[in-house]
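**Q** Here are the chains, one letter per residue:
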Amino acid sequence: MSKELIRLADCTMAFDDEVVLDKINLSIKDKEFLTLLGPSGCGKTTTLRIIGGFQTPTSGDVLFDGVRINSVPPHKRTINTVFQKYALFPHLNVYENIAFGLRIPKVEAKGVKVKLPEEEIDRRVTEMLEVVNLRGFEKRRTTQLSGGQQQRVAIARALVNRPKVLLLDEPLGALDLKLRKDMQNELKRIQKAMEITFVYVTHDQEEALAMSDTVVVMDSGRIQQIGSPEDIYNEPKNAFVADFIGESNIIDGIMRSDGVVEIFNRRFQCLDGGFEQDEAVDVVIRPEDVDIVPEDQGQLKGTVTSVTFKGMQYDIIVDFYGFKWLIQTTDLSPVGSRIGIKIDPDGIHVMKKSEYSGMFGDYSSYSEEYEEISDASYDPEEEDSGDEE
Amino acid sequence: MKNKLSWFAVPYVGWMALMVVIPILIMVVYAFTTAEFQGTLENFAEMGTYASVFLRSFRLAIIATLVCLLIGYPVSYWMAHEGPGFQRLAMALIMLPMWMNFLLRTYSWMSILENNGLLNQFFKTIGLLDALGVEYIPMIGTPGAVVLGMVYNYLPFMILPIYSVIVKLDGSLLEAARDLGADSRRVFRKVILPLSLPGVLSGVTMVFVPSVSTFAISRLLGGGTQIMLGDLIEQQFLGGAYDPHLGAAISMVMMVIVVLCMVVMNHFGEGEEQAVML
Chain F
17 MSKELIRLAD
27 CTMAFDDEVV
37 LDKINLSIKD
47 KEFLTLLGPS
57 GCGKTTTLRI
67 IGGFQTPTSG
77 DVLFDGVRIN
87 SVPPHKRTIN
97 TVFQKYALFP
107 HLNVYENIAF
117 GLRIPKVEAK
127 GVKVKLPEEE
137 IDRRVTEMLE
147 VVNLRGFEKR
157 RTTQLSGGQQ
167 QRVAIARALV
177 NRPKVLLLDE
187 PLGALDLKLR
197 KDMQNELKRI
207 QKAMEITFVY
217 VTHDQEEALA
227 MSDTVVVMDS
237 GRIQQIGSPE
247 DIYNEPKNAF
257 VADFIGESNI
267 IDGIMRSDGV
277 VEIFNRRFQC
287 LDGGFEQDEA
297 VDVVIRPEDV
307 DIVPEDQGQL
317 KGTVTSVTFK
327 GMQYDIIVDF
337 YGFKWLIQTT
347 DLSPVGSRIG
357 IKIDPDGIHV
367 MKKSEYSGMF
377 GDYSSYSEEY
387 EEISDASYDP
397 EEEDSGDEE
Chain D
20 MKNKLSWFAV
30 PYVGWMALMV
40 VIPILIMVVY
50 AFTTAEFQGT
60 LENFAEMGTY
70 ASVFLRSFRL
80 AIIATLVCLL
90 IGYPVSYWMA
100 HEGPGFQRLA
110 MALIMLPMWM
120 NFLLRTYSWM
130 SILENNGLLN
140 QFFKTIGLLD
150 ALGVEYIPMI
160 GTPGAVVLGM
170 VYNYLPFMIL
180 PIYSVIVKLD
190 GSLLEAARDL
200 GADSRRVFRK
210 VILPLSLPGV
220 LSGVTMVFVP
230 SVSTFAISRL
240 LGGGTQIMLG
250 DLIEQQFLGG
260 AYDPHLGAAI
270 SMVMMVIVVL
280 CMVVMNHFGE
290 GEEQAVML
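Protein sequence lines, in the order shown, are assigned to chains F and D. Residues 17 to 405 (our numbering) are what the first sequence spells out, left to right. Residues 20 to 297 (our numbering) are what the second sequence spells out, left to right.
These are calculated hints, taken from the structure and not from any lab test. Among these hints, one or two may not hold up.
To be verified - Under the rule of at most 20 angstroms between Cα atoms (straight-line distance), these lysine to any residue pairs were calculated in the SDA-like manner:
#	chain 1	residue 1	chain 2	residue 2
1	F	K92	D	R204
2	F	K101	D	L193
3	F	K131	D	S203
4	F	K122	D	R205
5	D	K187	F	Q100
6	F	K129	D	D202
7	F	K101	D	K187
8	F	K122	D	R204
9	F	K92	D	R205
10	F	K45	F	V83
11	F	K131	D	D202
12	F	K122	D	S203
13	F	K122	D	R208
14	F	K47	F	I206
15	F	K180	F	E202
16	F	K92	D	R208
17	F	K204	F	R178
18	F	K101	D	L188
19	F	K101	D	V186
20	F	K126	F	H91
21	F	K131	D	R208
22	F	K101	D	E194
23	F	K101	F	Q200
Based on the provided sequences and hints, a complete structural model is requested.
**A** In structure tokens, the structure reads:
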């Protein structure tokens with residue numbers, strides 16, 4: 017794509033000996049939409065705050081356009097942030113919130129402070145209101161706006177300063193599903209139109225896949241994988257990524273030779289290679305890549321133990337030799353029936369063993385409740401407080 | 020739920036009616052009547068005589084309020100930015116004097132400020148008095164002593180509301196301002212100050228109102244020369260110049276002026292907010 021704009025080199029962040037970021041290396045290209053994706057506590061927000069200048073890494077360098085900016089304070093960076101809870105100024109109306117950054121005198125080359133003329137401010141604020149679809153809301157107090165409108169004010173307030181980079185910290189987290197989908201498209205459109213680098217933090221994998229040019233999957237302070245959404249989904253690097261992005265069956269396997277992997281003592285054709293002979297590996301099989309066939313034609317044979325209707329498809333759990341798989345299918349196979357399955361070579365993804373091996377990918381404990389818990393946006397607290405009333 | 024709970028307000032409403040509204044009504048009746056309870060405006064006609072006391076009261080109260088604000092705001096700001104342990108300690112130290120009797124505190128100041136009091140003795144010891152060629156530095160009986168007494172007694176009422184507003188300020192607002200290019204001075208001027216204005220207004224009210232009507236401080240530290248409205252009113256009810264009807268009239272005029280001040284100030288406060296908005 018285009019040239020590199022930001023580089024994090026060996027960035028470590030520790031609070032009181034607790035390492036939050038562990039030697040992060042990350043390159044962000046100009047005008048790209050990059051998403052930091054991971055569960056809460058994985059270090060994604062800390063990474064964002066380091067880029068924004070709100071935190072200085074304990075060690076390592078932050079480079080912007082090749083210049084080290086570790087100790088440059090936030091107000092001197094050409095980077096703006098859309099905060100998680102918007103952080104709109106409650107004492108200012110919509111117009112003044114957006115104009116806040118423009119009203120600050122800028123220091124020119126000779127050290128002279130220059131104020132933007134009022135007409136210029138007005139023109140740019142109006143233009144921004146147009147972009148985020150909030151014409152007519154100028155005089156409104158921000159407290160009178162809905163969540164989605166506040167969100168758009170926050171975006172306008174940041175973008176009006178024409179930053180090189182816009183940082184977004186879970187900006188859609190507080191919105192309902194429908195609005196979230198609309199705002200995803202809206203953000204993508206704005207990013208394309210204004211040609212600004214977006215660094216986006218989220219724990220929602222669907223959001224990350226839908227919006228990004230590059231996805232950075234993080235866990236426990238380390239980057240697990242960097243790649244395009246397709247790469248991340250199709251070629252997960254380890255069991256954590258495979259599990260976090262979409263649904264996955266992760267099975268122990270043995271690489272017999274390039275293109276041949278053994279699962280449950282049966283050999284399968286695959287497209288992966290480059291492993292040692294007889295190396296123990298993790299094998300990822302996506303639930304939608306499994307074809308159900310009559311039992312006698314199957315590469316593997318198992319018993320259906322649960323069926324859940326999901327609208328577009330059925331989620332069925334199938335017991336193969338004691339290991340439970342999730343399979344998504346449009347054909348109903350009743351509970352208790354025996355089925356066979358076939359998997360095409362491109363449906364089998366082989367990964368090196370990692371610290372995450374054996375932690376994910378078995379659907380033995382699968383239930384409705386399990387699904388809710390594994391959905392990162394699901395908040396059990398909410399349900400609890402509902403019970404008390 | 021709400022309706023059931025609202026019954027708990029009944030004792031308070033009753034108390035307010037009995038102990039606030041009715042006394043004010045009695046005061047109004049007294050103010051507009053003679054000793055024989057005949058309707059009259061005479062009590063107000065005499066008000067001009069006390070113009071100097073009114074002026075002094077408001078002048079000293081305004082000075083004391085400003086001094087409290089000038090000391091209180093930075094202290095509150097600083098406290099709010101320290102760690103929670105320090106905040107608790109500072110809060111305890113600020114509240115500590117208030118556990119002592121008000122008169123006792125004021126008497127202590129008398130013995131400090133007297134002509135042969137602690138402070139003058141200290142000045143003597145370090146040779147300051149000899150250097151200036153005076154017996155003592157007059158402190159007690161001056162307007163300054165009265166202001167000092169009021170500042171000392173009422174400062175916590177300025178610090179507490181300002182502190183509680185600043186400490187609750189959303190940190191992400193300050194980060195947002197910095198993110199948008201504001202340096203620390205601008206963050207303070209454009210975000211912290213306007214958002215802490217409600218605390219300032221209630222602090223100013225809580226210091227100004229008791230300052231205007233203060234009486235013991237002005238008598239004890241003012242040495243009888245700095246008589247204020249509180250003292251004047253007290254004299255009408257308890258002193259030699261017994262005339263409750265005049266006392267009520269003075270109280271009423273004072274109350275009206277104070278209320279006017281508050282209205283103007285709150286308006287000014289809103290105006291300030293508007294000015295920031297425009």
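**Q** What are the numbers of the hints that this structure violates, sorted from low to high?
**A** none
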